[in-house]
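Q: Given the coordinates of chain A, assemble chain B onto it according to the supplied hints.
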Amino acid sequence: AQSVSQHNHHVILSEAASLELGCNYSYGGTVNLFWYVQYPGQHLQLLLKYFSGDPLVKGIKGFEAEFIKSKFSFNLRKPSVQWSDTAEYFCAVNAKGSTLGRLYFGRGTQLTVWP
Amino acid sequence: DAGVTQSPTHLIKTRGQQVTLRCSPKSGHDTVSWYQQALGQGPQFIFQYYEEEERQRGNFPDRFSGHQFPNYSSELNVNALLLGDSALYLCASSFRLAGTLANTGELFFGEGSRLTVL
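Chain order of the listed sequences is A and B. Note that the working numbering numbers the first sequence so that position 47 is 47, with each residue one more than the last. Note that the working numbering numbers the second sequence so that position 42 is 42, with each residue one more than the last.
One or more hints might be untrue.
[Unchecked claim] One-sided and incomplete, this derived list gives chain A residues near chain B with beta-carbon spacing under 8 Å: (1) L44; (2) K49; (3) F90; (4) R102; (5) L103; (6) F105; (7) G106; (8) G108.
[As the list claims (entries may be wrong)] Mimicking SDA-like on lysine to any residue, the simulated pairs with C-alpha atoms at most 25 Å apart in a straight line are: (9) K26(B) x H43(A); (10) K96(A) x E52(B); (11) K49(A) x T5(B); (12) K49(A) x E111(B); (13) K58(A) x F95(B); (14) K49(A) x G3(B); (15) K71(A) x Q2(A); (16) K49(A) x F108(B); (17) K78(A) x Q41(B).
No lab work stands behind these hints, which were simulated from the structure alone. Every residue, glycine too, gets a C-beta built ideally from N, C-alpha and C.
Chain A extracted, bound-state conformation (with noise of 0.2 Å):
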């Protein structure tokens, strides 16, 4: 079975500060990678996703995350926050090729951006 560990459960930044969110998954085979992010009182949505390529992935609103398959993992950054990015973020996983697409989530990371 996978599994999915994102370390910091709260982290507190004020703006234009860096940011990285750790992620680390245990699976034995090749896998697809996803940052999804939860804005208050919106639902969840896509960041951004690694499924194969260069590992350094750009997704939207300036977030990139890099994949390190030595390490199994798959880290969030981005140089600069802003009060917006306050949100909760998930890592998730799934094993490629899937015929099922079953994600795994890690419990979430809560963001608070000060401004």
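A: Chain B alone, transformed into the frame defined by chain A:
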């Protein structure tokens, strides 16, 4: 292009009752997955439907059942409600790659149905 729509948005039930939640997938999607998100937790997979059949199931009891209709919409039913069933229930849709059974794995979520069991 409508996204994933769910109804109702909020509901309150008492222990022992039954509840039905509904979901319409994003246009062009044929696969519906249901997730339970308890407070402070990430979404947990309940089950997935395509071609009107349950294809995979997570670690949830038989009290949780579902259905998919020919128009790809879906229902989640929970019987004999327990206090611990209080959660946000998320519907997510996706589509399978043409000519294969492989799912893209990229899910589009609805806003959820928040169930409170008293």
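Q: Run every hint past the structure and note whether it holds.
A: Comparing the hints with the structure gives:
Look at L44(A): its Cβ gets to within about 4 Å of chain B, closer than 8 Å, so that hint holds up. At its closest, the beta carbon of K49(A) sits 6 Å from a beta carbon of chain B; the interface hint therefore holds under the 8 Å criterion. A distance limit of 8 Å between C-beta atoms decides the matter here; for F90(A) the minimum to chain B is near 5 Å, and the interface restraint holds. Interface hint status for R102(A): upheld, as the beta-carbon distance to the closest one in chain B is roughly 5 Å, under 8 Å.
Evaluation of the L103(A) hint against chain B yields a held restraint, the C-beta minimum of about 6 Å falling below 8 Å. Proximity of F105(A) to chain B holds as hinted, the smallest CB-CB distance being about 3 Å (cut-off 8 Å). Evaluation of the G106(A) hint against chain B yields a held restraint, the C-beta minimum of about 5 Å falling below 8 Å. Evaluation of the G108(A) hint against chain B yields a held restraint, the C-beta minimum of about 5 Å falling below 8 Å.
With a C-alpha separation of about 14 Å, the suggested pairing of K26(B) with H43(A) holds against the 25 Å cut-off. Of the pairs offered as hints, the one joining K96(A) and E52(B) holds, with about 23 Å between alpha carbons and a cut-off of 25 Å not exceeded. A distance of roughly 23 Å separates the Cα atoms of K49(A) and T5(B); the hinted pair therefore holds under the 25 Å criterion. Restraint check for K49(A) and E111(B): the C-alpha separation of about 20 Å stays at or below 25 Å, so the hint holds.
Of the pairs offered as hints, the one joining K58(A) and F95(B) holds, with about 23 Å between alpha carbons and a cut-off of 25 Å not exceeded. Between K49(A) and G3(B) the CA atoms are separated by roughly 19 Å; this keeps the pair inside 25 Å, and the hint holds. For the hint linking K71(A) to Q2(A), the alpha-carbon distance of about 15 Å falls within 25 Å, and the restraint holds. With a C-alpha separation of about 13 Å, the suggested pairing of K49(A) with F108(B) holds against the 25 Å cut-off.
A distance of roughly 23 Å separates the Cα atoms of K78(A) and Q41(B); the hinted pair therefore holds under the 25 Å criterion.
Every hint, counting from the list given before, is met by this structure.
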